[in-house]
Amino acid sequence: SQQGEEDPQALSIQEGENATMNCSYKTSINNLQWYRQNSGRGLVHLILIRSNEREKHSGRLRVTLDTSKKSSSLLITASRAADTASYFCAITQGGSEKLVFGKGTKLTVNP
Amino acid sequence: KAGVTQTPRYLIKTRGQQVTLSCSPISGHRSVSWYQQTPGQGLQFLFEYFSETQRNKGNFPGRFSGRQFSNSRSEMNVSTLELGDSALYLCASRLETGSGNTIYFGEGSWLTVV
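Chain order of the listed sequences is A and B.
If you count the first sequence from 1, you need to add 4 to reach this note's numbering.
If you count the second sequence from 1, you need to add 88 to reach this note's numbering.
To be clear, the hints were calculated from the coordinates, so they are not data collected in a lab.
Note that the coordinates shown come from a computational prediction; the quantities given were computed from them, not determined experimentally.
Treat each hint with caution, since some may be false.
[What the hints assert, rightly or not] Stretch-level coverage of chain B by chain A, calculated; a stretch enters the list once three of its residues show a Cβ under 8 angstroms from a Cβ in chain A:
no. : stretch
1   : 159-168
2   : 190-196
[What the hints assert, rightly or not] Some chain A residues flagged as far from chain B (calculated, every beta-carbon gap over 12 angstroms):
no. : residue
3   : 17
4   : 20
5   : 21
6   : 75
7   : 106
8   : 107
Using N, Cα and C, we set each Cβ at its ideal position, and we do this for glycine too.
Turn these sequences into a full structure, and let the hints steer you where they fit.
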């Protein structure tokens, strides 16, 4: 079963705008990771945020984690057409190392 | 440093056949895991291997199996293929077990069962 739930399911924006995707989960976590997937390709790791961290940055990406609300957000600033992809959050929990994925947000950045 | 390498990238099999997929992790990584991605079920965990031992297994039937070799390379096998096994199979590697380690994915193997 999938514990992560991304919101929205689909997002269409113009180049230069910011894109925000949200992820909610149901149980306590060890860490939460965000991945990008271009159509038909593998998953590209974007950011890992540990359960004791609240915010991380990587280039144009900003991830926040609110464990009290069991939610995370991924912000992509100044989006580019090349950012068009599906974005997934994935959690690890308890003593297991397996990733539990959400269903993903499909982002379209229009030139 | 080479990434996670999966072979073959694309394959077509007939119902009832079996298939073996191969994964070479990033050099130095000892943990390898497998995931299945379908439009209906999304990304689902199959199993994880560390130092040739299966550490965790997802909720898949026994037709799905895997193994890891001493060089950390891994294979997964699906026997008696069904149409519903058509999916993108993704392999991922990690330096070692323990939370906080980034998991890196390969490009996947596209399996079509006809």
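Structure-based check of all given hints:
1. Taking a C-beta to C-beta cut-off of 8 angstroms, the stretch 159-168 of chain B contributes 0 residues in contact with chain A, too few for the three needed, and the coverage statement is violated.
2. Counting residues of the stretch 190-196 of chain B whose CB falls under 8 angstroms from any CB of chain A gives 7; the rule of at least 3 is met.
3. With a least beta-carbon separation of about 23 angstroms from chain B, residue 17(A) lies farther than 12 angstroms from that chain, consistent with its non-interface assignment.
4. Here residue 20(A) stays apart from chain B, with its beta-carbon at least about 29 angstroms from theirs, past the 12 angstroms limit.
5. Chain B leaves residue 21(A) outside its interface by the beta-carbon criterion, the shortest separation being 27 angstroms against a cut-off of 12 angstroms.
6. The non-interface label for residue 75(A) is consistent with chain B: the shortest C-beta to C-beta separation is roughly 19 angstroms, beyond 12 angstroms.
7. Distance to chain B contradicts residue 106(A) as a non-interface residue, since its nearest Cβ pair spans about 8 angstroms, not more than 12 angstroms.
8. The non-interface label for residue 107(A) is inconsistent with chain B: the shortest C-beta to C-beta separation is roughly 5 angstroms, within 12 angstroms.
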